Every structure is written in structure tokens, then in C-alpha cells.
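Visitor: The whole structure should be built from the sequences, with the hints applied where relevant.
Number of protein chains: 4
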Amino acid sequence: MSDKSRFLRLPVEPFTIVPDASVDDLLTRMERISFQGRNLATARRIWERMLGDECTIFLGAAGALSAGGLRLILAYLIEHRYIDCLISTGANLYHDLHETRGRRHYIGSPREDDARLQEDRIDRVYDTYANEDEFVDNDEWIAAFALTLPHRPYTSREFLYLLGKYLWEQTGQCGILTAAYRASVPIFCPGVADSSIGMGLSQARHQDGGAGHIDVTGDIIESTNLVLRRPRTASIVLGGGTPKNFINQATVQAEFYDSAVRGHRYALQIVTDVPHFGGASGATLEEAQSWGKLATDAEQVTVHADVSIALPVLVTALAAGARETLAARKPLRFDLSGPIMAVEGRPFPQAQFEAGDR
Amino acid sequence: MSDKSRFLRLPVEPFTIVPDASVDDLLTRMERISFQGRNLATARRIWERMLGDECTIFLGAAGALSAGGLRLILAYLIEHRYIDCLISTGANLYHDLHETRGRRHYIGSPREDDARLQEDRIDRVYDTYANEDEFVDNDEWIAAFALTLPHRPYTSREFLYLLGKYLWEQTGQCGILTAAYRASVPIFCPGVADSSIGMGLSQARHQDGGAGHIDVTGDIIESTNLVLRRPRTASIVLGGGTPKNFINQATVQAEFYDSAVRGHRYALQIVTDVPHFGGASGATLEEAQSWGKLATDAEQVTVHADVSIALPVLVTALAAGARETLAARKPLRFDLSGPIMAVEGRPFPQAQFEAGDR
Amino acid sequence: MSDKSRFLRLPVEPFTIVPDASVDDLLTRMERISFQGRNLATARRIWERMLGDECTIFLGAAGALSAGGLRLILAYLIEHRYIDCLISTGANLYHDLHETRGRRHYIGSPREDDARLQEDRIDRVYDTYANEDEFVDNDEWIAAFALTLPHRPYTSREFLYLLGKYLWEQTGQCGILTAAYRASVPIFCPGVADSSIGMGLSQARHQDGGAGHIDVTGDIIESTNLVLRRPRTASIVLGGGTPKNFINQATVQAEFYDSAVRGHRYALQIVTDVPHFGGASGATLEEAQSWGKLATDAEQVTVHADVSIALPVLVTALAAGARETLAARKPLRFDLSGPIMAVEGRPFPQAQFEAGDR
Amino acid sequence: MSDKSRFLRLPVEPFTIVPDASVDDLLTRMERISFQGRNLATARRIWERMLGDECTIFLGAAGALSAGGLRLILAYLIEHRYIDCLISTGANLYHDLHETRGRRHYIGSPREDDARLQEDRIDRVYDTYANEDEFVDNDEWIAAFALTLPHRPYTSREFLYLLGKYLWEQTGQCGILTAAYRASVPIFCPGVADSSIGMGLSQARHQDGGAGHIDVTGDIIESTNLVLRRPRTASIVLGGGTPKNFINQATVQAEFYDSAVRGHRYALQIVTDVPHFGGASGATLEEAQSWGKLATDAEQVTVHADVSIALPVLVTALAAGARETLAARKPLRFDLSGPIMAVEGRPFPQAQFEAGDR
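Residue numbers (my numbering), protein chains in the order written: chain A, 282 to 639; chain B, 282 to 639; chain C, 282 to 639; chain D, 282 to 639.
These aren't lab readings, by the way, just hints derived from the structure by calculation. Only a predicted model underlies this, so the values are computations on that prediction, with no experimental measurement involved. Not one of these hints is a red herring.
Partner residues are not named here, just some residues of chain D that face chain C (Cβ under 7 angstroms, in silico):
1. 292
2. 302
3. 311
4. 314
5. 316
6. 318
7. 350
8. 387
9. 409
10. 587
11. 589
12. 593
A partial selection of chain D residues facing chain C, derived with a Cβ cut-off under 7 angstroms:
13. 291
14. 300
15. 353
16. 410
The beta-carbon is built from N, C-alpha and C at its ideal position, and this holds for glycine as well.
Guide: Written out as C-alpha cells, the structure is:
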């Protein structure tokens, strides 16, 4: 006999318009609708559970988030410790630095004549413009900063900490890099060579052959040690790209050294890419389970949406609803001032994975 | 000499987190970010301008909006006259009828075993379930209703008005069909044969060879006459499909009979499809201008987002911010009770386009 | 103990470049690669199996296939009986008629200024142009034809048969409509009101109030009877839209009248839409199984690709590889000349579903 | 007066089925259809023109191309010098190494239970499986190789050359890395830290604190010097990601040192991502012009398609049609054996950009 009741338990609750609703209330009621609206609402609940659990929360940020007006959301998440570690593309950090230094991005049009923009040295990111001359100046500013550092390799994590510190000292302005410096939240940038920060470093090298050494292998070790130190982890991914894989790679690498590592306990991703072309950005969280990147019993959700819509809604609602959970949270305390990070006062080993069972 | 100031006028304003923000405030601040977040915020402003102008607002609804929990938003838009005419797929009206009759859709999973669902006669729409036995009952209910109607062709507009009336009398419940009946807002369903409403009609025909005649050609004439009567029109499209083209076709057909018709003055579409495969659902609003579907000076915006995220945010903010504009609006008054619609007391001609200059 | 061999059976075979390869050979070797390349190659094999089985093959065509240069592929499939029944949007039939009448579509650019196009009365479909004056002439030609028909309702299937006949008599040119007429292959157009064919019909009505009656309810019955007559069916979908649902609806409706109907035995779809927004165009074939649209043991594949790339490759390879299978195929013989279709000499009942077990 | 003839010059030529057609012929006839089919055909012509011009051709490869069965196409392009420089994700090189070492990827299903796969240590890439134990062995093999290298920083370019050399000596098998070694074609991997190659390097470091130093800043300088040496360049992008930006960054950085650099003269990209979310992967080639990444008069085309469909078709047709052009081509001769690359016998400067006008 058919047993429909297994499947027909919780009805969809049609969304009703409450004109003065708060974002928190809106998203709460979206939990009972369908499709990506429901997924966005679910994402908030999963993030809340990450905060209520004792776990290390990684956030990966790809796409033109900073140029597009979302950098202060990331700064907020860092400052208030909704996350413990940021993995970013170079562009997001570079455009953050651009604004922290007092420059702006501008409202533009995706249909402007790009030949005219080139002529006027305006760089376009879809519907957003920037002044290329200011970008050239940023590159030189980064190069000048890099030239002040002693000649040795720096992980991207250490370099970005020092860059954030310098930026804070110079500007006193809030942004991703400065918030991370002040909150001692580590930032990794595994693809730093593929960004204007990398261009600044190469200009430093041009002037001084010993400058501009970034040790990306050290980044792999340090990010893996973060997982080895506390294998209870969570992954939040905005947009895919290198940050998504780097976060997942850390758990795979950690499992190689300690079989107790089982993958992230929580995962949420906000992506516009799709799985069926085989690329990592669009890969499902189920696929991540086959690799052990994600625990098979993880709580997880994928939201198929533009981050520029999803993130303002999600973080506003989270900030309203998770106040107590956040207040009760005891985030990891990092010391990022040296070449080797310390967590809760205990440094990682030098150039080594922390001992597991291998 | 370069003149960057032409392009660099209005800076992007980074979005900041205000935990207790209203949806209205959230969307207001999203006007100054980039990408689809900005477009969603712009959509609200354009809709406001539609309401403040004396124009006829068409809304097209494709995609599983009713099954997915958005039907009461559409009912709200109809009841409060944010729109003047709905063009819908059959499915959205059918799933609305299903719930108005007291049945529900259910929270499900896109990863359930569909063979098991088939066995238990559960129909799945991505992450949403319905009881197929209830659908069979709906079909028969629609057939029974159709059998009560005198033998003659009915435009989908007239049929849906009568269906809404009967549904209201039977249930007294709010929904798309009943709200449209009560507010005398016309609904067209150009693809009615491609839906379970069509299936109900065919079951009526099976029992009575003279029943179930829908006159879709009449729908074309009546929708065109709406444009001819007042060529100042606006188009809101949710998801593309037949409703999108039908709304545009009305202006093209109207222009054939009256060269003063110049296309919609306002247009907003929320779509997930893209232009580059050549299909109508993803076509840009610029392309629509080549056809004269849209005035070349129209205010317009495309939001690339799932309607299940975009619509709750958009309509909540609109309802908060457009109160006065809406109160001042004088929407067209329709009489929908006969085979030929009357507008402001004046009926359209029988089986003819209203005289223009042709 | 781990048993990897369950999963690791058939290796991916890296594709190698053979400069003079035939399309048939290319696609054969693509069966051993991954992602959508493999799916496209699999689609050919499934279509071959449809041809080798005794089943009724439905093909649904949405998107601007005719304007985009694919209409003679559809004509080829009809003429050589790779398919038994076409379900099309009105636009594809209209643009086919346009070319069969000797007019052309033109190579254009998606970046042209649409205001200039409007001024010159050029209609744009992404990167393709048409002369709007010729479209106006087509509409009037269709209206004039519709005015020659006796006053009674016509299913879209009967109307399109008569239109194809007239078009053939007038032009003697090959196209979708004329090939279907000559091969007696039925065409359904459930959304005919949403197309320029519908506009032509409305112009006929404008001149003669008794003209232009299309009986879309009759289409539902006739398409369902096709399934009831031989429940062994296959579904090929290009692009989603109303044709996709109409093909599936026929099996659902048929099952209502005959519980022996179990859904399509084969299904292949070439779509660019995705499942996670809940719309029917992007719905997976698994989801179709929950509804009984597709048999739970059906052979099926979804190809995520633009039809303008996939179809030329797929049909060329199919035509090369399936010669013998096609020669052995005994396609259904239809008589389409009257209001009620006959199959293998036996007409369907008038205004009724063919008796099943209900 | 209207002048339609400006726009209506070249008609779309409906594609006809020629069962035994070669891929070359197929693609030639697809030049006269529309949408992405036309774009794919155009891509071949633009690549031909790159080959016929005296320019440096960069190819960027992102997405799971090697796992998905496309690695020997890349090897073919390298060996026959259809390209001059490869920029790749680490994953594509790693999966290439995996197969060159004699292991395989396997045909799988996107719907398999990932918990079972995890249990059996099978890694899934959409519809493709790999043996995780073999991956672990690869990592250790890479680590062992890295430990043989003297302690100093290596650009990814130099490291990959040495890895290809070693791989060739060990296996004698054809693949991307070995073909590039044998043809002295440089490979850059700007995101090497975000891949299993990076994991292997980190395991080397774990064993020997002086091992595994990759100098990504050096990669920026060397790739820029390639552009400075001969500013006439072309960009071919498969799938976006870090390779796409790295290729474009090289021209931007080069322009900083030499104002004669004007951006790529030719560009073709095959992507599935879209522009409207603001990410670099989906960015249009027009947008690239605003940055000076692409010359404003460049010949360019974007193909929206899965590389697993587009690449086999494109390269097969190119190989057939461009034989003479290729034979006449004089590709740059590289010496890659040292830390600093030499081109046509002339090495780049040490740790410096080659002198331009800055």
C-alpha cells in the first residue's frame, strides 16, 4: 500500500507580503517556500549552527565582491568573528585595498563602449568602473611596501597580515585587510600570482631581485595545520574558484596526515556555476563527499544565486538572529605576527604538518 | 585629453550590515552596489515609476511559482492593483487552484529516489512534492466545472474569470484566481492546452463533445485591444516562457493596427535564462526594442535571479515604499463578466481589433 | 573491504585528433570522454535504440531553431522518419514558413544598436536579423489562408497540416511544414496563440468573425490518443518550453485512461536550462519519472548544450550510423487529412479518448 | 529613408544533413547558422588567423579537461605548435600526470551515492571516477621528485618543465607535461598551490624544510616578458579561472613597462559562465578591451559551450583545414632548461621586466 505520508510531511507555506518586514523575518518565512529562496533561508540556519558548534569556519571569496560593494560585509564577518579564516582571490583583496586607500569604484553600465573606456583609461567590471591610473598607483604602493620587507619568503598569509597592518597604520580605515589584521584573522590567497597584488610584487622584484618572494607551499602547510589542530571545520564558499578548492584541499591534505579528519561538518556555498560541466566551482557538495572534503553526515546547502543579492540578505538576517549564539561563541585566537601562525598560543611546527597518525 | 569624469560620477557605496534592517531599507542600500543586487534594487524603482505613471501594467508569470510558495504574492499584486493584467502559464493557475481548494504542496528534496516517488504517486517539482491523487481530483473538478458552461468558445480570459468566480464561491479562499475574480483583473493563459487545466478541459470534452472550447485567437485580439485602448504600457516578466512573448506580441500586433503604439514604456524582467542561445525567455530587453516590443527610450532592467529569492524581497520593499504612489494610482476598471471585456465601461469590439489608423 | 572494481570498470579514453575524421567517428569516440561531450555521444545511441525499437517518437522543438538555421535538420528528421510526431512552438513554424516562402534570415550581431534596427524595421533574434516588413507580409498571407477555410474549429494539428499542404502547393519548397505535409507526420503547436501564426489567425478573425478558430483542447485529446494507441513512446526534447511539457502531458493524460501506460521508454533532451530554479524547461528526466512521464527503467540522457551546436553534430552522426536501423524501421502511417487523425488506417474516436481501462 | 540593406547582407544558410560529412565540412557549414553553432565555427577561423599571423599564442586551460578525456587534445596542440604557451590549473596537469603514469580515470555517474564512493575511496568529478589510492601515490611521487631538486625557488614554469622531463624519462608516454617538455613549450601554473601538485610540494617540504619553493612572482615576470619580447599576442581561453586572468594580466603588466603593448590581437574563449554576475571567468571580451587586455580592433569570439563538446569538434576541424597555414608557421623557439627562459636564443633578464619605454 502506498504510504504518501513519508513524503508529504511539511507543507510549503505561501509567502505573504508584510511591507514593513525585517530582513530577518523575511528570510525566516522563506524557509517554507521552495527552490533557491528556501536554500537561501536554509543557509542562514546552517551558518547559525556552525556558530553554535565549536568548529573552525573557513570562508572562501571569489568573484568581484569588493569591486561590487560587498567588502564591508566581509569585514563585518571578520570583525565579529562569524568566520575564522578567509581564503580570497587576489582581486578581492586588491579592490579592498583600493577603497581602504580612499579610492572608489563607480556605478557604470555593461553596455558602454569599451573602446571609449580604454581611451579614457577606465577599467570595467561588468557594470562597475574604476580609474586605471589609480590602479597603477596601487600597484606601485604595493611594490613600495613589499620593498620594505626583509628578503625572505612569506606565505601569502603572513604577507597579507603585514600588508593589512601597514594599511591600517597608513589609513585607519575599515576594510577586509584591515579588519583581518585587527581581529587577527588569517587570510590566505593561494592564487596571489594571478592578481594585481602579484603584479605589485613583481614590480618590487623588478627593482630589487631579492624582493617579492611568496611561499605558496607554506600556505598549504599552514592551512592544513589549521584543520589538523581542530578537525571540526565548516566551509562557506562564495562563488567557487581557487578559494573553494583550497578550503577543501586543506581537509584532504589533513586527512593524509591524520585519518581522524573526516571532512567539513558543515558546508554552504553560494554559486552561480552548475555541476554538469565538470568544473570545481560548480561541483555539488555531494561530490565533495566522495573525496572526503565534506563529512558524509555534514549539514549542507547550495544556493544558486548571485552573491550580490544573496549575501546582503543572508548576513543581515544572520546578524539579527544569531546575536546570542555569536555572543556565546569562543572563536579561535590566532597570533599571525610571525612566519608561523600560533593558535591559542601554540605555534604550528616549522615547515611541517602537525603530527597526526601518519 | 582624457575625461574620466564622464564615467566616474556615482561611487559604489559598500553595503553595511544593519541587523534589524527592514527589507525596504536593505533594497534601498542595494541600489549603490553592483551586479544583480543593484539590478534587483533598480527593479523596485522602475516598478514604482510604472505605478506613478498612468499606464497599463502587464505581469507575466512562468516557472513553478505557485507550487513553490509564491502564489499569494501574485494574489497580493492583483488585489492591491500593482498590476492590471496577468499572463500566466497554466501550471501556475492550476497549482494555485490546488491550494485554494485546500490542498498543499510539500517541502521535499531534489535528491529523492524518483522511482519510489512514482510508486507512491508523489509528483516532484525540484524540491517540492504534491499528491498525484489530489491532482487527479483537481482535473476532474475542473472538468466538472467546464461541463456546467454553455457550449460555446471561451477565451482563456473569460474561462479563467468564470473559473475564479466558481472557485471563490466554492471556497472563499484567497489565491491568484480568486483575487483576480474579486478585483476584476484579467488573466490570460495563452498556453492553456499545455497544462493540467487543459487536461481538465479535455476530460470535459471526453464526456461531452461540445464542451471545453477555448478560443485562443480571441485572447490575442483582446490582449491587443488592451494595448490599443491605452498604448502606454509596462511589462513585468517573471521567468520568460509564453507569458513573456504574449505580452510583447500584444504591442507588436497593436502597432500593426495603430502606428502610434510604440512599445512598452517600462519593462522589468526577472529571468535565469541567458540571451546567447537565441531563445525568447533569455532575450534581452534591448533585443525587444528592435521589434518595437519596447520603446527605445523605455526604462528597463533585467534581474538575473531566481524568482523565489527576488520576488519576496522586491515586492516587500515595493509595498513599503510605494504606499503613497499606489494610493494615488487610478487603475483601469475592467468588466470581465462577458465574452468581451469592457474597460472603464466601454466594451471592446466583437471579434475585432479596435480601430487605429490602419 | 573496499571493492573499487565495482566503480572502476570502463576507463575514460582520451580523445585524439584525427584531422579527417567524419562526424560519425568523432561522436563515436566522444562516448568515452566525460561531461556533456559524453552525453551528446550517448544521445546518439539512445536515438538509435528508439529507431530500432517499435515505438512512437515525439520530438519537441523550442527556441529559435528555424531562424537560427536548423529548420532543414528538422525537415530531414521528418522526411526520413527519424521521428513520428513534432511538437513545436509557433515561432519555429512561422520562421520556417518565412523561409519556405523564399525569404531569409540574416547573419547579424548581438551588439548592434537596437534603436537603429527598430528605425529600419529589422527584427533581431540574438545574432540574427529579419526584415519586419516581410514578417508583416507573412502574417497577412497566413490570415488570407485562414480565411479560405470553412468556419469550424481546427486542432492546431489539422490547421498545420492544411497550412503545410497549401504552402507546398504554393512554393514546392522543402521545409518543416511542407516536409510534414508530404510525409504525413503530425505537428502540434499547443502554444499557437503565442506566435505570429496566432497573429495571422487573429487578423483573419478581424476580417471575418467566424474565422481563425483553433481547438487546442482537441490537440490534447489527439496527442493523448497517439499514446493510447501505442503506449511504447519516446521523447526527444530540444530546448524545453511548451513542447517539452506537452509531450510529457500526453503520457500522463493517457495513463489516466489506461493504467498500462507507463511513461516514455526513451528520453533525450538537449537543454541549456538547469533544474534548480524549479521550471519545467530545465527539469531533469529523473523528476519526470516521479510523475510517470517517463518509465522508471527508461533509457535517457540530458545534454546541456546549445541546440545550434549539438543538433548538427548529433543528426549527422545519427544519419551515418543508423542507416540500417532506419531502413528496417516501420514508422506509423498517419492520415492527417481530416479533423480526426487516423493511424494505420484506423481513426481515433471523435472528441474522445480511446478506450483504455477507465 | 530606411536602408535595410546595411543590415541584411549575408543570409543564414540552413544546415543540411550530409551523413558522411567530415568534421571540417560540418564546421564550415556551421559558419552560416546562428547562435553558438556559428560562434564555434567562427572560433576555428580566428584560430586559423592566429596561426597565419606572426603572433604568440597563449592557451589557458581550466575545468576538469584532463580527467574528462581532453588531455591528448592539449598535447596535440602543444606538439604541433598550434599554441606557444600553456597556462593551466594544477588539476589539469595533475590528472595528466596521473594518466601519463599509466593510471586511468573512469566512466561514472553523477547520481552515484557519494557516501559509498567515499567508503571505497573513489573520487568523483561529476560523471568521472578516480582511485584515491592512486592519487595518494601520485602525491608522493611528486614529493619524491621535488626532493631531488636543489634547494632554490623555481618558477612554476621551470618546475613544470623539469617535471615533464622527469615524467618523460620515467614513462616515455605522451601527455600534456611530456609533450610540452619535448616541444619546449612553456607551461605556467599560477594557482599551483591550489592543486594536488601543490600538495605534493608541501609533502616534500614536510620531509625537507628547504624543498618545494615555487616562485610565483617569477612567473608573472616571465609571462610578461613573453609579451614584451613580442607584443603581437593571441589568447585562447578554455573555461576561465586563473588561466584566463593570468593571460590577460601579462598584457596589462607588459603595457605598464612598454606603452607599445596594446593587448591581444586575437581572442577566443570557450566558456559556460556568463558576464552578468561580475566574475572574471564569464567576463566578455569587450570588457577585456576596457582594461587594454585586448586590442580594440582584435578579432574575437566567445563560444558558450562545454569544452568537452566544443574542443573535439574545433580542433579536429582546425587540424584538417589549417594544415598549410600551420606548415608555414614559424613558432617561437624556447629554451626552458634554466631558471630564466630564452626565446630564439636570447634569454630574458634576470628577475626583471625586459626594458620597454618606462
